[in-house]
Amino acid sequence: MIRVVLPAHLRTLAQVDGEVKLEVAGPATQRSVLDALEARYPMLRGTIRDHGTQRRRPFVRFFACSEDLSHEPADAPLPDAVAAGAEPFVVLGAMAGG
Amino acid sequence: MSGVRILVGTRKGAFVLSSDAKRERWDVSGPHFAGWEIYHVKGSPADPDRLYASQSSSWFGQLIQRSNDGGKSWEPVGNEFAYEGVTGTHQWYDGTPHPWEFARVWHLEPSLGDPDTVYAGVEDAALFRSSDGGRTWQELPGLRGHGSGSAWQPGAGGMCLHTILIDPSDSARIFVAISSAGAFRCDDGGKTWRPINRGLRSEQIPNPTAEVGHCVHRIAMHPSRPSVLFMQKHWDVMRSDDAGESWHEVSGNLPSDFGFPIEVHAHEPDTIYVVPIKSDAEHYPPDGKLRVYRSRTGGHEWEALTKGLPQRDCYVNVLRDAMAVDSLDACGVYFGTTGGQVYASADAGDSWAPIVRDLPPVLSVEVQTLR
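These protein sequences, in sequence, are chains C and V. Under numbering that gives the first Met the number 0, the residue at position 86 of the first sequence is numbered 85, and the numbers go up by one with no gaps. Under numbering that gives the first Met the number 0, the residue at position 271 of the second sequence is numbered 270, and the numbers go up by one with no gaps.
Any given hint might turn out to be false.
To be verified - If you want the footprint, here are the derived chain V segments under chain C, 3+ residues with CB under 8 Å:
1) 53-61
2) 73-79
Said to hold, decoys possible - Label pairs and their in silico Cβ distance ranges:
3) V/G307 / C/G51: 31 to 39 Å
4) C/D67 / V/T305: 54 to 62 Å
5) C/V4 / V/D241: 53 to 61 Å
If you're looking for bench data, these hints aren't it; they were derived computationally from the structure. Ideal placement from N, C-alpha and C gives every residue a C-beta, glycine not left out.
Work the whole structure out from these sequences, hints included.
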């Protein structure tokens, strides 16, 4: 079981409170977690990753275990603590503005 | 009982303003989609309870929301806008080729007869259509591909397709306008397009009378007379009497012919409204006076409408999609400002009062007349 924390705007859009808990088939990677997230909540398609390229939107970041994983390859394994459900995979909107 | 519903898009959400036909007391609902930019909300002429909203954010991209109950509840529908075929390039600000990139939906135009068919004008400029209530979107690629697309160049606000007019007498005829490429028309339901910019003159481009490159801000028509078009260009208010084949200037005695919206009275096809703005460098009204100008002669002769509008220290702007009319008698006229006011006139512009004063900056105003 993977725990995912969404930013407030996307929680509102997906109509969820708190963390999302997902079962992910196979290794836990950014791609497999986001695939499972979008399968459960289709309205999130295109909000985290570009529809066509499947690349992370520029102002979206991925954090876990106090690390910024935003630039890790989409198929790289997530930290063991995330795969085990001990730590959440955090999707957040980058700080922007002044 | 008849009434009016105003659909307001702002930088931080959508608002629905409702009144009975007297248009004196207003109920304000919102913000819907709080915190998101709502470029446009529009209802279907065939089913006034069917609304479409363009919701976007720099962080999370584009969403399309649909309501089946007049804005009480909403559901997200399809948000994939994929250009058809080879994407190609347009000109970038420095003149170099730049690939077409989808940024956002500026304008949603529901079909006149089918609530499930809706057109979307997007940035980078292209026209999309959905025939399934917004679930899926297909580009009408003949517009970008007609030949001049590689020469289009974005204006300061982006290369947006912001105006879509469907001819009520012939739904195969569609007019669109793009900043800063110009106006275009098709006569075959969206397949083939051509520029309709003859008569426009823009000193800001190398060839002032070029076939494309004009910064058209808005086009309006009266449904009873779809071959007569009115245009607010970057500078100049223009008129065409032949469905865009040629244009002539009707700025007349306006204090400035720069501006964004232009609108036509619901019952008088020669009565039109603009909001003069001082210049493209100063996006606020001349002399700090917010004045709507009305022409009852289809242009040339204009009168200032000031009653109820601030006549000192006013430095707001009125954006291109932020003016609309109802079809009650007398015609109601509405506009929203970048200062968050939505002003209403229930007497065709003779007098005005704010419905709300403190919304986020207003991006768009649409009106539904409910009967």
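Structure-based check of all given hints:
Judged by the Cβ-Cβ criterion of 8 Å, the stretch 53-61 of chain V is covered by chain C as claimed, because 6 of its residues qualify and three suffice. Three residues within the 8 Å Cβ limit are the bar, and the stretch 73-79 of chain V against chain C gives 3, so the coverage statement holds. Hint check: V/G307 to C/G51, Cβ distance near 49 Å, so the stated range 31 to 39 Å is violated. The given range of 54 to 62 Å is respected by C/D67 and V/T305, whose C-beta atoms sit roughly 55 Å from each other.
Take C/V4 and V/D241: their Cβ atoms lie about 59 Å apart, and the range 53 to 61 Å holds.
Hint 3 alone, counting from the list given before, is not met by this structure.
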